[in-house]
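> Here is what each chain is made of, one letter per residue.
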Amino acid sequence: MMKLEAVIQPAKFEAVKDALIEIGVEGMTVTEVRGHGRQKGHTEFYRGREYTVDVLPKVKIEVVIPDIVVDKAIQAITNAARTGKIGDGKIFLSRIDEAIRIRNDERGETAL
Amino acid sequence: MTTGPQPATPPSPRDSAADPTGDFALRGFYRHEFDRIGRDFEATGSGLASLSDRTRLVDRLVLTLWDQYFSSRGASGCAMIAVGGFGRSELFPHSDIDLLFLATDEAGRDGIKDEVRGVCQAMWDIGLRVSPATRTLADCTRFDQNNVEFTLSLLDSRFLAGDGGLFERLHAQVLPQLIARESDALLQSLSEMTQARHQRFGNTIFHLEPNLKDGPGGLRDCHVAQWVGMIVALGAGRRPDLISTRKNSEYAEMMDAMEFLCSSRCYLHYHHNRDDNIITWATQEELAERGVATKSGPVTPAEWMRLYFRHAKTVARSSSQLLGQVSRNRSSLLRSFQHWRSRVSNEEFSVVDGRVYFQQASDAREAVAVLRLFTFIARHGVALSPETERRLNDAHRRLAETMPQDQYLWQHLREILGLPHAAEALRTMHSLNLLTRAIPEFETIDLLVLRDLYHRYTVDEHTFMAIDVLHQLKNNAVVCLQPFADLMLELERPELLFLALLLHDTGKGLEGADHVQSSRQLAVATVKRLQLTEEDAQAVCFLVAAHLEISSTMRRRDIYDPAAIHELAGKIGTTERLKMLTLLTLADIKAVNPEALTAWKAENLWRLYAGTATYFVRSADTERLHAEISNEPAEKIAALLPGRREELLEFLDGLPQRYLLSHSPEQVAQHFTMASHLDAEPVQIGLRDCSGQQELTVVTPDRPGLFGTVTGILYGWGMDITKAAAFSNRNGVVVDSFYFKDRFRTLELNPPERERFKRSLRDILMGEAWLEPLLESRLKADRRPVKLTVETRMRYDDECSARSTLLEIVTQDRPGLLHTISSTLTSEECSIEIALIDTEGPLAHDVFYITCDGKKLTAERMRSIEWALSAELGDSLPNAW
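Just so you know, the sequences run in chain order A and B. Each residue of the first sequence is one higher than the one before, counting from 1 in this note's numbering. Each residue of the second sequence is one higher than the one before, counting from 1001 in this note's numbering.
Hints in this document: simulated from the structure, not taken from any laboratory. Hints are supplied without guarantee of correctness; some may be wrong.
[What the hints assert, rightly or not] As a list, the in silico DSSO-like pairs of lysine-lysine whose alpha-carbon atoms are at most 30 Å apart: (1) B/K1571 / A/K85; (2) A/K17 / B/K1571; (3) A/K17 / A/K3; (4) A/K17 / B/K1508; (5) A/K60 / A/K85; (6) B/K1723 / B/K1856; (7) B/K1474 / B/K1723; (8) B/K1723 / B/K1758; (9) A/K85 / A/K72.
Excised from the complex, chain B in its bound form (with noise of 0.2 Å):
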């Protein structure tokens, strides 16, 4: 709160070109005062001088209408306040003035109804917008809920004319009064109507076009920490006082902010002549170019953005932190989840009212248990506590030199990933220039502006958003978005997805037209850098490099188009990277800004998801590898095994095509090893962990029931299956696959069981051991019945193969549920010649292309298999489709 009148001096000719008396002669002593400010500002380029230089002039101007109109009543009981903006002397160029008359009761009130109205009308004449209030002392004890905003103005009211000892009454006793009484209301107030405003800028100072005034980090947002440190004050009987409660460093940057902020928007308002608050793309232009609040001169549009992101930063953490500081006020229920967060300190860090701080200070200097602190971030979405920051910051060059880069920062990148609130994680991490230590990739979009009409944010918020936005579809409430939820829980690694997420935009920092190929070069690096497996590295390089085309199929083609499907699908090669592929494209697009998903757009991708994860399934027998004919996928495994390419286009001939884009290269090459050892042992096993599962593969030479004997093996071992491909080549030899979880943990606690689970396999599918015994004993331990939630159907295709049949089946994953399937379709005469086995949650999903004979089904073999399974399945009857 400002007190102290101005000095009530008129215009003399001394300080004006015309002589201000009379309304026509005030209007034109204003233009030429209004001007020749703007001149200083041009001159000066300092807004605040430009601010205070428009508030003395108002002042003057108002006491003079004041004089005029007020001079025949005398002022006892009425006092002319500047309020708001203009009692905190904040006048901009186009900003509104507000006035208070105040009265010390309803009759006095009344009694100057004339005199109001005469100085507002001569303001308005002169050309000053005003917003006027009369108010009574008795008025202003009282707190309304529904005008909070008459209170907060208040806070910055000063005094101009007439009564001052109804002022001082106001300023000594009333407001202290109503601030004491009503502290907790007003912040809470003041919090909920911060948020909702936040809210509306979608919480995020990163706008390509921010808004000064009102955007999160904003100049209101710098009236906000103002407001609470007097409200904070006043509610403890202090003497309200800004620096008391920031340490001098922090009021220094806030004040720096602020003269930034106000320089701008002096700008904006001179040269647009309005109340314009928005910095759009061409004033970023004009501000660089005439290094509008720089303090060095011009510089690029880039860099001008970057100065004010750095200053907004400056003003949301503080009004946040201010705002945080004080939430002991706030709400019951906001206060038991805060007590419920404080819950989650552990040994290395304890949560206070929603900000983690370090157990151990000297924590704050070693960057594995910073990484620890930003994983812990990621797991609850508490915010850094003031202390926490300072810290971190005061030792950010021991962190940025002992920051790792290798797989010790992927192991914890991983993690954070993968958490609830990674976004928020990476965004701390960011704000204290750590992120762009551990992945120096980064820095290329660090706060970087890119100008089209369709993004909103910068291209750092843009990846943070896009994260956010995957971690967000569990609790999403709409409906178009529901498959796409479903979705992410199918992910097997969705780790790798988000970490193609982060890198998807990388390149739009650097030189030239294809963001998409310079992202995917910093991809190449960054992944080589964590030592990702050769595999996870594809994976996510897949993804950076291909993260436009479902949105450029969905734009340029007809998605029903059987051609545009099977192009896609080409380019996408496996359903897992479909599946991660869809959902960045889906978080892409939404974080473009809140209105770029729409809910035609949404169903639109996952028809095309659809589509092109069906057509894999429908065509897994239609394309199969041919010796003769080359192709990329054959030469790069051929390179793994010199000399023997021929021997390799033999074992590839007549496996599918998706054999090839299932595995990698060292996989195929492994596979072919194995098929070449075929002649000295018959059984070839392979077995390894994989990404917490193992995986098992079995070549042989194709036999009667083989694929069901090797699930009835798993499933006698206890092993649950996850995942299963059964392919054969031209030669009749097999290559099965199967990803398992090791329900019991067998083969982890007891390393030796390793050898006899694979000689347990060898020993059944070679005919020297039986499978009966290990079922047997299997299904006594596993008697409880199955509780079914997911309905079972089973859908025929005798279109999609020449050769075979398709019989797809949905139904709820049980243990040996593949065995059941597997052995009820030998039973019935089926040979299975290439199998797709998934596992999403409580549903499986598996798809046999089948021939009996080696024809296609006939009509009445298909209803008897049907009935077959359905007995099994534990349906009564056949679902009909």
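Just chain A, same shape as in the assembly (with noise of 0.2 Å):
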């Protein structure tokens, strides 16, 4: 099992999700995040005041799939999440040594 979290642009979750789902992935953890990568950030005006944003909003996704589907969930999230431009987010992967299901005690991937 592995768990990947993907750090992506608030505006592509929606289209993430869909195209997780679409290729059984239905469980998923979301977190709304703040920070940034190489995108930086940029100088705002506000009535005359000048203000820096330098985290900007993103989404967090964690989700803990069988190794089988993890090539087709990084292809999913990066065909969904990608604009070509600085600040797409990133895929972060690691590995899962057990999953629980706290109802019935499942183990493994029939846990998930």
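Relying on the hints, combine the two individually framed chains into one complex.
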């Protein structure tokens, strides 16, 4: 099993969610986050006052999936979230040792 | 308190399928009887019968166990007492069983430990969840603030077995003395516990998936009402009797509600096989399909939930009234607050203990007096007294028939909506079925449950909460909401925003997929009936129709993407509408559920607002109208001017698009007509009352210093400019609009002065009179220096226009400010191409697109202007940007 964390543009969340559901990944944890990679920030003005937007709004999606689905999930996310511009986000992968369904103690991939 | 032992008859073969001797047999007996009661419930649907049946069953079991474990030591000195729900004989299928083992003294308590343990162990083995307590009589005389629940549970005590004399001492002496001594503290604790419990549920009964035990209007509130009645009676040395404290009709309503809630809770327990009290969507469908507690058989889920809310309202009202009636016993702080509230009484309404009464009972039959009552509630946040509520209910038919629905209603409604407790007043109106009489469109969402995973309240309650969100902004301590609180103070017509909020979801009650369109259609009908002005009606309908635009942009677009901002700005049109729509979006999200508006969302909303507001300022000069390109707003105006379309398009040619967006078609048609008379009279002046201010329009050929001259004249006349806009078309015809406050009410108190004012304006602009004498007299009168609290900031933007330089000034508002700035710009040989002037409280936000010799400003000119303005505005040196 792998955990896949995708930090994406908020505007792309719906598309990414739909793409994951389409390939059978239905469970996910979603967090509203702020941050920046290479995109860094920029300067805005409001009523003559300058302010720097240095951490930008992003959405973090976490899914734990069977190894066999990982490549499809990566493809689904990149296809849905990519605009080609700086700030599209990143995907991080890590290995998961065990998953347990609290309701009935199911373990492993069946608990996903 | 219920008294008297139940007959301790052991189970007999006639009553049971199994012989209840030995724990195993008792377990089988209990299971058999439990199932039988469940089948009876399925057959009859009577929750109350089910509760008393299970109570009788458990009575028999615990009496059998008592005999088994206590027979050897005799009954003297200890008693087994049912308390809590068991004491009330209201045992739900999976409720805990509260048992009190009462001993005469500590030695007696220690002496029954083994027997108590035996009874409890056996109960667990049978499958009964027991919550035992062992106390001495002396323990029961003490009131423990940290264990109020124990004293409350004694109110429901019922003798089961053992020393009847000991129970009688508890029941007839100890408890009445305890309550008489501690009734104030007990009531206060009960009130605080109830408030804290309600707080957990957002202080509303209108949840989409309600908890029918602990939620407001749930069974716990029934118990609170009963306990209050008992405490008050025992405190006064009377026998507790709930009926004596209520009118018979109210008692009957309360009993109906209890029966409904009990039957529903029984269903949940039986069908989910656990102590489940939440009416989920799935359960709502089952309850409705089976017609549980309806008395009329199967209904739709929406109808079932309406029944639920009706009963929950009865319970919530009853418990809150009873708690209110005993408020005289509450803390001195609350008493003094309520005493303060009583001082808000006037010749029409009196306030006693935070509840409002009519001074003249007959007023409850007059619709206008009742609307004034709701205005009073909206202003002071007081609740209806039971007597007032009764009078209004009695007069409902007459009120429903005479309730105004036109401009007279709007006169009251606009005041109600703008007051701090508007949501409470609207809820009260709605609970009396008067809001839907005043605004029939609201009927569509009356107690409407819409199923999604996001909303937590019924649509009507969501609406009231959204209105409350905006009123509470000024009291909020949440940092991310502070900018919105400031924005709220800037609104010119907050009542329009509140009306839009009241109507924004009405379409959800109609068939069809697009609730926004349906809501807009209902809003169109409402504003027409309320006889709003064309301009106000358009604003309200726009807000309703666009109420998801900002949310949608936040969800689907990059909020920093200029294209997304450009598109959003195009849909919204003006800064004022942007402010209202931003606040509507905030309220709409926050009223969905307590967690819906995260700091993340609030900050994104603010960033999108700020970006769009800045866009409006920066795009004024680039987006101009072209005679050859037709557009929808221009065609609308042309329709008002039959046969003059070409002339109109020529007039519009070169004007900023912002001009069309910030004026109604009727206003533009008026400006066009004025411009067409310039040959006969080169200075055209329009002056009209506008929402408590004056609106001055000047249409004239452009000339150097024109804007500064008009602002000087207004200052000279003592007028305080709050908003202004200056535009010109390709032919050099200027359309300047000024909104101003008449500081000395000159025009209002002396109607002939209106003509003298217009003449003065014309003569000075035509060069037939001098501005200086007017200014000198005003400067003498305004000699007092202004205390500066707002830091002056100036900023140039040389990129947003191909022809002009943008100068943005934020500074402290003060008399004559605009004239000071514009005359300084004129003395610096600058020409004002566009001016966008706004005032927000003490802050003036002025934007000028300026040129010098028809070109953008040089760096040297910028510095010179900066120094000159800094000197004029009271700052020693220009601010760094």
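> All hints, please: hold or fail.
Structure-based check of all given hints:
1. B/K1571 / A/K85: Holds: B/K1571 and A/K85 sit about 26 Å apart, inside 30 Å.
2. A/K17 / B/K1571: Judged against 30 Å, a Cα distance of about 28 Å means the pair holds.
3. A/K17 / A/K3: 16 Å, holds
4. A/K17 / B/K1508: 26 Å, holds
5. A/K60 / A/K85: Between A/K60 and A/K85 the Cα gap is close to 18 Å, so the pair holds against 30 Å.
6. B/K1723 / B/K1856: It holds: about 25 Å lies between the C-alpha atoms, which stays within 30 Å.
7. B/K1474 / B/K1723: 24 Å, holds
8. B/K1723 / B/K1758: 19 Å, holds
9. A/K85 / A/K72: 22 Å, holds
Hint compliance for this structure: every hint is met.
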